[in-house]
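2 protein chains.
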Amino acid sequence: MEKNERSTPIPGKEKEVDIINIKGIEDIGYVQPDSILLNSLTPEENTQCQHGLYFQDGERRVDYILTYHIKKPSSSRSNRQSSRFTDNAFTRSLRRGTARLGRPPPPQPRGDPEVASQDHSMDYHEDDKRYRREEFEGNLRDMGLELEKDEDTKTPGVGFVKIHAPWHVLCREAEFMKLKMPTKKVYEVKQCSGVGAKINTLVNKATEPLHPNVEENRGQHVKHLSYAFSREKQHLFDLSDRDSFFDSKTRASIVFEVLKRTKCTKAKYSMGNVGPYFLMQRVVHHAGSPLYVLYSTLFYPKAEIVLFFPCRKYFGEKIGLYFAWLGLYTQMLIPASLVGVIVFLYGCATVDNNIPSMEICHPRNNITMCPLCDRACNYWKLKEACGTARASHLFDNPATVFFSIFMALWAAMFMEHWKRRQMRLNYEWDLTGFEEEEVSDHPRAEYELCVMQKSLKKEHKTHKVLIAYSWVFTIGVTFAIVFGVILYRISITAALHMSNNPTTRSNVRLMVKTTAAIINLVVILILDEVYGAVARWLTVLEVPKTDRSFEERLIFKTFVLKFVNAFTPIIYIAFFRGRLVGRPGSYLYVFESYRMEECAHGGCLMELCIQLSITMLGKQLIQNNLFEIGIPKLKKLIRYIKSKRRSFQEEEREKKLQRYETDHFLEPFAGLTPEYMEMIIQFGFVTLFVASFPLAPLFALLNNIIEIRLDAKKFVAELRRPVAARAKDIGIWYNLLRGVAKVAVIINAFVISFTSDFIPRLVYQYMYSPDGSMHGFVNHTMSYFNVSDFQDGKEPMDPHHLGYQVEMCRYKDYREPPWSNTPYVVSKEFWAVLAARLAFVIVFQNVVMLMSDIVDWLIPDIPKDISLQIHKEKILMVELFMKEEQGKMQFIDSMTPCDGKGRNNHAPIARSRSIPHTHSHTHANNF
Amino acid sequence: MEKNERSTPIPGKEKEVDIINIKGIEDIGYVQPDSILLNSLTPEENTQCQHGLYFQDGERRVDYILTYHIKKPSSSRSNRQSSRFTDNAFTRSLRRGTARLGRPPPPQPRGDPEVASQDHSMDYHEDDKRYRREEFEGNLRDMGLELEKDEDTKTPGVGFVKIHAPWHVLCREAEFMKLKMPTKKVYEVKQCSGVGAKINTLVNKATEPLHPNVEENRGQHVKHLSYAFSREKQHLFDLSDRDSFFDSKTRASIVFEVLKRTKCTKAKYSMGNVGPYFLMQRVVHHAGSPLYVLYSTLFYPKAEIVLFFPCRKYFGEKIGLYFAWLGLYTQMLIPASLVGVIVFLYGCATVDNNIPSMEICHPRNNITMCPLCDRACNYWKLKEACGTARASHLFDNPATVFFSIFMALWAAMFMEHWKRRQMRLNYEWDLTGFEEEEVSDHPRAEYELCVMQKSLKKEHKTHKVLIAYSWVFTIGVTFAIVFGVILYRISITAALHMSNNPTTRSNVRLMVKTTAAIINLVVILILDEVYGAVARWLTVLEVPKTDRSFEERLIFKTFVLKFVNAFTPIIYIAFFRGRLVGRPGSYLYVFESYRMEECAHGGCLMELCIQLSITMLGKQLIQNNLFEIGIPKLKKLIRYIKSKRRSFQEEEREKKLQRYETDHFLEPFAGLTPEYMEMIIQFGFVTLFVASFPLAPLFALLNNIIEIRLDAKKFVAELRRPVAARAKDIGIWYNLLRGVAKVAVIINAFVISFTSDFIPRLVYQYMYSPDGSMHGFVNHTMSYFNVSDFQDGKEPMDPHHLGYQVEMCRYKDYREPPWSNTPYVVSKEFWAVLAARLAFVIVFQNVVMLMSDIVDWLIPDIPKDISLQIHKEKILMVELFMKEEQGKMQFIDSMTPCDGKGRNNHAPIARSRSIPHTHSHTHANNF
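Residue numbers (our numbering), protein chains in the order written: chain A, 1 to 927; chain B, 1 to 927.
Just chain A, same shape as in the assembly (with noise of 0.2 Å):
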């Protein structure tokens, strides 16, 4: 690999080929398609804008742009950065291929002379980039694209080449990737009849005030029956008006088609992969349509039913998908966030009439409950957890069993509602016939930069390891935390309890869960960006094969991550917390001193329910919104400010930019993984503690509501208008959301069963109370304990605290009294209700899926109103066809009475010139 200094200066202008926005995968050539959105919203009054959208004569459209970099002399130092990233294992094996294949280094070496004693080598690769982006747009000629270069631009160091499809190209690519277009057959649809189209009209007109009025113009009737574009079928197709016939996302996605399948020959590493270009879509904006769907979505309250129609012509069935599935979630959970309110409204208002707690703040209870920690703390009565006993009963008492059932059917529900959802879009978007390319992706450049360096197996070996270890470290780290977390709440208890303030006493156990809550909450903030890089990191080691696998795993291990993060605090609180505490006289102690914790009389569901709504709704309001907003703000304004520095004199041009130019400062759009994950997260919470904390659903419905405008300006306005994408469903999404769907039946079964005090409280009544009733629970709850089995030290400073000399202490478990012959062991109480518990889950987990199985099969995952649809365009085609061919038939009959048995095959395609049917104008065209 000799590096030849290089570094003749060349007249002029100099540019140099550079590549931006180096991101690890991207410097081996990886098409990553950065795409442009424009923001003016009106082209039409715009003619500087006018202009970039079509080519120098004013004719041709621009599909797509291809940016690179330029260098410039002025900007050696933004150039010296990113040749950083340049010289790395890719171009140097590069330069072995064209080594190897005997092509000599390009002749007229050029550099700044300034920069060339640094950058010599980068200069090299920079020229061998340029040749291979000439032989690259040689081929983009060869398959029939028109470009356009315009390195002179006003914005300093991109160059961009504009392409054009011209109409044979688009013809042809739709042909092959089976685009279904609409014909001009148009049929009318027939409106359901049902009970739920009635209601639905009835909805509508409701809230037709809030309608916004684009929402009219939907002729929703009739439709046009569509059929796969086939140029020997053209005569089926309205082609009167072609510059409108393919639109302008599907006129991108072509041209994106073209560009993936074009090689780059002189690039030996690349086997289907474009080569050293950086695509930037760009594509022209229907007149108003981002406007449309801003203001719909800002406005409208049932935002989905508008977004996804504008949504898919404007950003592609991908996007399109996306919002689909968040405004059905959004809509879902409005009857979950009601019924939600009921329960816990049904909670306040029983709060007088339930029987334990009026026995805990019963004036005449006297009952003098054990220390709460050694030494420090002081015999107590029970009165004083009449508060938290009170607010327990507001998320623990029957109603809250019945909505975990109804939380696990209505996920059942929303899974099934989608299915639907997802076919009929799938019917309305024309996409029936097309099957998903998931199979058949190309390979990632950087699996096949591996495979070429033949260092896939060695480095995999210890990859695995390495990945292996990162998973334990990852995961530990998040147990680590949360014990650090569960340690401070330990130590910070117990210094408190020893100070002397009686006031600061007093707020003890409120400071501490509070402080402690918050901060598993910066922790989790903090952890979920770190797992955000940790898992990417992780994927890029596995060098998955194609991109499709290389999202799943990522996606997949982000979510195992966040997940893991989010809820591990919550399920420590949930199944751990009071659980290990031992007993009076034997209590468990971590690191011989602290004490495990206990929960507040109420059971630990009044602090799970306070962990639980403080991560959420910190989590919603500070990651989702603050950061949502605020960091594409800022990164655009970080953009803009560089270019700024960057080039000083061109401030004033900056007004007249090309419609590109300006788009090329918006930040690029970086998938929708994010968007999903932050959505899960939400189900999550939404669904898994469901049945201690009822109010989830509500807050992730306001949520949502402002989730689903900020998203849809985001796309609008602040992101690069993505390569539109075809997609029949949300892919992993899907499964992720059922296997969630599928734990929140088991740990809503352990919650309600091991952390409210439901079942205790169902066997006191049917078992052991001697009229049937609640009174006598809370004391047959608690087992006593002689104070003279505290172990030495551990007893309490102050026995006297309450005025009088304790003998027995009472404590919150099922154990056999002091005088039995088996004193604190546990007893035939503990046994049965343990029982009671597990039966409990078993029943609970196997009746709600049974249900949700109902669900799944009751509700038929095709709509009827379009499997009917579908049954008759099938009849509608043939029948087109079959009198097109009658036609045909019977003109071949008058002209070749007998023209032999085997002979006559290909006459009735190539001889027909004067069908006698309807659309023998446009057919006769074709010949």
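Please keep in mind that the hints were generated in silico from the structure rather than gathered at the bench.
Note that this is a predicted model, so its numbers are computed, not measured.
Watch out, some of these pointers could steer you wrong.
One copy or two, either will do: identical chains are not told apart, so a pair holds if it fits within one copy or between any two.
In silico lysine to aspartate or glutamate, DMTMM-like type, Cα no more than 20 Å apart, as pairs [said to hold, decoys possible]:
| # | residue 1 | residue 2 |
| --- | --- | --- |
| 1 | Lys149 | Glu59 |
| 2 | Lys185 | Glu884 |
| 3 | Lys828 | Asp813 |
| 4 | Lys883 | Glu175 |
| 5 | Lys642 | Glu884 |
| 6 | Lys633 | Glu416 |
| 7 | Lys233 | Glu175 |
| 8 | Lys178 | Glu873 |
| 9 | Lys872 | Asp861 |
Using the hints provided, position chain B relative to the given structure of chain A.
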């Protein structure tokens, strides 16, 4: 509705159309594809048969045959019988329809004078049918089909319409149906080089001598690229041999498609249905092909590998999938039965080391047990239960726990493997682009009839009540029968115990068990047939809209009923028997006098095992094999005899019958439902109670090895050849299998924890055993009973039977001893064991479900090599087209250098005449 007597005799042979095989749904004009399969395997040898394969001209192939019945004067009796069915709502409404149309009834009525007086109304319908038939035939001719009538056959009373689809019709329909056909382009299939492939090769080599010779000609290394057939792209396909381009099954299904579409306008009721025909398919055999199928299935051990190839080619994809599924299932049973046998052998090997049974059998064991029945029974020594205890260990040891986990994972594996196999077959059978028509089925004729009669809603209501009652009744019958068997067992036991004959007494248990199991088996076998009929009747009452929904509902109902039928007695034994016994001194009684059954001391697992094996083996031997071979033979014989009786004089002619005439005597193909149903019930036996009967997979395997051959023989030799149906999956059966596998997990969890003694043993070992061993377990599980606490009249008649005065007897339960404060109340141990049992159920269920999900997630649904091949094919296809395009473009460029931007759209297609690429020759033919 004037019923004019029209009975003018017609000279010559009198023919009256009639409908055969009326089965409820057929008499209103439903298209029932009765299929004929040709038995003669070598058509070359038999010129008579050869003749039957072609039209009279000997050129045009017969692709399909329609049959209808001709009434002959000699057969008036059979006519009258069938006319009873035809004179029903449908024909009446039809007449009404005709009258409304203003068409007078046919003017030349004919009929046999002798029978006219009684058959006059029928004659009218006969004529009506003939007219409709003629219209239908005309419509078929309009669609391009060529017909040849053959009413003058040697088979009396049957008319045949032979249908030939000429080349252009085949092409047209293949295009409509989007059939994927092999193109000329051939590519090499890369043999996978993984470890699996190597093992496969080894296995193949090892079984080389077993392969049939025909195996060799399968050149699997190259594959033709497939593409949806299109007449415009004919040059892509290898049309050198037009007669074999579309094989016989494809031709038949093409004709069937046309028939389905053809309407009979005169019959107003028909919306897309054929009319008064019974269609009989008849497809020309590939020479030797069925022989191949038959012999390869009979002698080749890995039958399915050979099978699905010719099967699909001969019977179509639907039956091909069945055999592929059955083959995979059988293959998967091999490891399952191996592990099952090992588990069983482990039980046999460890029986002598099993401490509990050793303790029971120990000669110094002196435990006195309470009597097993009131008065008649005596105290007995636990030693007597030694045999049962030892036998129980065979099925109740730790290995069974492992085995049921294994089988749950096995089921998940099987599902996953089937998904992969299905995907592979879809690819190999070129179905990847095929969209199933499940959503767009034709409405069933009965449904339309109901709609027409406007009686649907009213009938629906009454039917709903009827259906509800029937369900209740049917399920009630099942439970009643189970209860009856229980009563039988109880009463017989009591009666036999009372007998004075000591040998009778000692054999009591065995006799009762065996007879009860046999009674159960007989009842199951009888009810199985009854339930099949009930399910069909219920489904008919429901009037489902489409055929598919009819089939699915029928399958579901049959499945539920047969499943309940087969498993209710087993579930009773597993979970209820021995639970509701009560305790000595307060036993539970049915009908005041019969004590509920107890299990033998070894637990109910032993009895469960006996019941399972008898039911499973009996069902398989009698129902599957005996019935499946016997009944078709019998039916064929009856059909043969019937036809013989009708026409003695034609006996000698039968040897030279047309091939379709011989096939006419075969049983029509009744769908795959019985075959699948049988297998899914078997799958239930293999998975549901596998914890108690590890040999079930072995028996299933043995049965299936026979079954696969019997089925193949039946389809080839005993049934008419069905219309080839395309199918991508096995439909509802997959869901049912999943359901069974899910239920299996929970049932096995309960069997292990509640039926077996696994959990009590564990609890004893870890909680109560003084030395951590199992010594003392038997004693620990038994409670004491003071004989003075017996209710009056319930104590044994002969208290000194054992030779000493019994004061305390023991019984198997966890209860407090008589000397405790709360005698005979369930003890703490009971609750502890119960909690452990429930905990085990939760852990088992969730662990196994999680593991199944992981298996599901780890095994990709699409095999890697297939996804690679699909990708490769896509690239090849685009390359092929692009080559072609470029050729065209070059040509255009040279011909029309400046055509104007908007005008050259159709040119590339229409004007290509001399395209310089490989396919130019064929392609040029088009123009």
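Does the structure break any of the earlier hints, and which numbers would those be? 5 and 6
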